[in-house]
Amino acid sequence: MPRTFSVSSPLRVSSRTSLKDPRVLVRAGLGVLVLANIVVALIAFHPWGGSAEDLAREQVDLEQQLTAMRARLSQTKTLVSKVERARKEGDTFLDEYTTDRRTTFSTIFAELQRIATEAGIQPRPTTYRLERVEGSDTLYQMSISADYEGTYASLTKFVNLLDKSPRFLIIESLMAAPQQAKTADMLNVSVKLDTFVRQEPGDPT
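Position in the sequence shown counted from 1, then plus 10, gives you the numbering used here.
Derived by calculation from the structure, the hints in this document are not laboratory data. Careful: at least some of the hints might be erroneous.
What follows is a set of in silico ranges between Cβ atoms, one per label pair, in the way DEER data are often shown [said to hold, decoys possible]:
hint, residue 1, residue 2, range
1, Arg-97, Ala-163, 42 to 48 Å
2, Glu-128, Ser-84, 51 to 57 Å
3, Lys-174, Ala-81, 42 to 48 Å
4, Ala-163, Thr-88, 49 to 55 Å
5, Ala-96, Asp-64, 44 to 50 Å
Dumping the calculated BS3-like pairs for lysine-lysine here, alpha-carbon to alpha-carbon at most 25 Å [to be verified]:
hint, residue 1, residue 2
6, Lys-98, Lys-174
7, Lys-202, Lys-174
8, Lys-202, Lys-167
9, Lys-87, Lys-98
Glycine included, each C-beta is placed from N, C-alpha and C at the ideal position.
Working from the sequences, and respecting the hints, build out all of it.
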């Protein structure tokens, strides 16, 4: 009679993960939230450069800014050119029409003597005052008060020669009165003149 053997063993099924595990569900939820935040950030900040319309508007704005900057640069260059030309013209004017302080007195008074002699008018006592021009470190204004004696014709010639003098003598005031004790056509003349003096580097103040 054959023998029958029976072997029985329990079937065991182990599962390391389960969809019903709360930890798995929490991790999955967190992952979905992180992904959603990334999507929202990409939409809000457009890191890829924005739409074609946005890029076109930015290009137009940049071109307008560049045009405005070029216009300001052109205006600045024009202003600099004008300032440089004015400076050169000012230097030329000062060199031509002002006198060096070291030689001012001899130069100016020699010129006044020449004009008086040529006009036929007699010089009388002369005084002067030297004052610094406000805002300048090198320019002075010299005011000259001079008295003369002569006829109307000689006075007219005197004024004309002053006007043509290369020394830039400005007539601030002029008064003429007939003399009482002498010839009727003789005048006492008082004139106030202004001229400008430049101080060179190294000159005493």
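When you take the CB atoms of Glu-128 and Ser-84, is the distance between them in 51 to 57 Å?
53 Å Cβ-Cβ, so the 51 to 57 Å window holds.
For the pair supplied as a hint, Lys-202 and Lys-174, confirm whether the alpha-carbon distance does not exceed 25 Å.
17 Å, holds
Confirm or reject the claim that Ala-96 and Asp-64 have a C-beta distance inside 44 to 50 Å.
48 Å, holds
Against the range 42 to 48 Å, how does the distance between the Cβ atoms of Lys-174 and Ala-81 compare: consistent or not?
47 Å, holds
Go ahead and decide if the range 49 to 55 Å is satisfied by the Cβ distance of Ala-163 to Thr-88.
52 Å, holds
Satisfaction of the hinted span 42 to 48 Å by the C-beta atoms belonging to Arg-97 and Ala-163
44 Å, holds
Hinted pair, alpha-carbon criterion (25 Å max): Lys-202, Lys-167. Please report holds or violated.
Holds. Lys-202 to Lys-167 sits at ~17 Å (cutoff 25 Å).
Hey, Lys-87 versus Lys-98, does the alpha-carbon distance stay inside 25 Å?
17 Å, holds
Checking one constraint from the list: CA of Lys-98 to CA of Lys-174, max 25 Å. Satisfied?
Holds, at about 24 Å.
When the structure is compared with the earlier hints, no violation turns up for any of them.
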